[in-house]
Amino acid sequence: MTVDIAVKKPNWFSRLANPGQFLAWSKAFVLPLAILTAVLFSVGLYLAFFASPPDYQMGETVRIMYIHVPNAILSELIYAVMAVASIGTLVWRHPLADVAAKSAAPLGATFTGLALFTGSLWGRPTWGTFWEWDGRMTSTLILFLIYLGIIALWRAFEDQGRAGRVIAVFTLVGALDIPVVKYSVDWWNTLHQPASFSIMGDQHMAPSMEIPLLVMTLAFASLFATLDLVRMRTEIFRRRAETLERQAAAKLA
Amino acid sequence: MTGFLAVIGRDLRLAMRVGGDALTLVLFFVMVGVIVPFAIGPDSVTLSRLAPGIVWIAAFLSMLLGLDRLFRTDEEDGSLLLFRHAALPLEAIVFAKMAAHWLLTALPLIVASPLLAILLSMDVATWGRTVLSLLLGTPGLVALGTIGAAVTVSLRRGGLIAPVLILPLSIPVLIFGAGAIASGSAEGISNAALLFLAAISLVAMALAPFAAALALRLAED
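As given, the protein sequences belong to chains B and F, one line each in that order.
FYI, in the numbering used here the residues of the first sequence are 1 to 253.
FYI, in the numbering used here the residues of the second sequence are 1 to 221.
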């Protein structure tokens with residue numbers, strides 16, 4: 001009796017899981033993504049700083065918005081990416097998921113830091129203060145601290161495979177802060193204004209400002225995609241180099 | 001249930017017979033309260049205004065200090081491995097350890113709080129609210145801390161990293177805990193803060209055993 005072991009052609013999802021295959025197809029994406037980022041930034045910065053009108057109340061300082069809002073959106077989006085990657089690690093043991101989570105963490109911390117920094121620069125001329133313990137600022141600061149904790153945790157583990165699984169649990173626990181950041185402006189009616197920008201439905205924003213903001217958001221998102229892809233490739237190469245080192249050491253011993 | 005109680009009993013006996021960590025934590029808690037008047041001046045009006053915040057910070061710091069010993073010794077002597085293969089689910093064991101940890105670290109602080117109340121010239125009513133808010137808030141702190149301790153248990157030098165991880169997550173406990181006893185806030189607001197504190201603690205206690213047990217399992221294989 002023969003057992004029929006049909007070698008099924010792996011579906012796209014499993015092929016995505018293979019680090020070697022990932023390195024092969026992602027290589028073609030790096031340069032186009034980098035060019036797209038550069039183009040979006042050139043158009044976006046021109047629109048934001050030259051083609052859009054100053055605000056009737058805030059004057060020229062409104063232009064900080066074109067940097068601040070994309071960074072703030074990304075700070076939450078990247079954590080969502082990390083949370084999804086963590087589910088991938090825990091549920092499917094997807095070998096690329098922890099690479100994605102690890103490489104996104106420092107980028108998320110940077111964007112969150114920039115959102116806080118530009119926010120305080122914007123707050124000084126408009127609200128008269130660099131910092132206020134308002135709901136959204138406090139929850140974003142907590143998000144920033146969670147990012148830093150996750151980075152510290154990644155650095156503390158030696159075995160990166162084990163680190164990926166354990167950190168995935170913590171990332172999902174920390175994800176509780178994301179809805180708090182999102183809805184903080186509606187829950188606590190304090191200094192920070194509620195969302196005035198949304199993809200669908202009611203907007204309270206003139207198109208002359210909304211279009212530059214949209215382009216800048218896309219530019220920052222594309223910057224994140226480019227950097228994340230490069231970081232993921234670097235991480236896979238680094239793990240391979242470590243394995244080779246270990247094999248070489250084993251041969252010597 | 002017997003297994004559950006046995007784990008609590010074991011942890012309590014271990015703490016009573018070896019070391020005396022619980023007493024050291026109380027000492028630390030009181031010492032933070034002693035230091036503060038030196039830093040901000042012994043003016044009793046200022047002190048009594050700041051007292052709720054000081055008590056909460058002292059409790060917060062001593063809870064964070066005690067975190068690391070939640071699973072560390074079990075990991076070192078191999079009992080954690082036995083727990084994972086016990087008939088009792090790991091989640092229940094984690095909950096039992098959480099309860100024992102609360103009895104060992106939080107309850108002594110609450111018992112010692114009158115001392116701090118006198119040192120910081122709190123009045124009796126404020127002290128009562130302080131005890132109430134500590135009773136409601138510390139289970140949440142312990143629950144969040146359990147997650148932090150479980151995530152870092154496989155790290156040999158994990159002592160400092162668990163507090164760093166848990167601190168941002170426990171900020172809401174601190175906000176509502178201190179908010180419940182802040183002087184000058186209206187009765188309704190501080191009652192709402194107490195309810196929020198209870199809600200956070202309940203959610204954290206329900207969630208933490210599962211997250212911590214998952215992290216403990218994943219850290220081993």
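The hints are simulated quantities; they were obtained by calculation from the structure and are not laboratory data.
On a predicted model such as this, the values are computed, not experimentally measured, just so you know.
Any given hint could turn out to be false.
[What the hints assert, rightly or not] Short, incomplete list of chain F residues facing chain B, as computed with Cβ under 8 Å: (1) L81; (2) L169; (3) A215.
Backbone N, C-alpha and C fix where the C-beta goes; we use that ideal spot for every residue, glycine too.
Restraint satisfaction for L169 of chain F [CB to CB of chain B, less than 8 Å]: Status holds, d = 7 Å.
Hint validation: L81 of chain F versus chain B, beta carbon distance must be below 8 Å. Holds or violated? Violated: closest Cβ of chain B sits about 15 Å from L81 of chain F, beyond 8 Å.
Status of the hint placing A215 of chain F at chain B (closest C-beta pair under 8 Å): holds, 4 Å
Consistency with the previously given hints fails for number 1 only.
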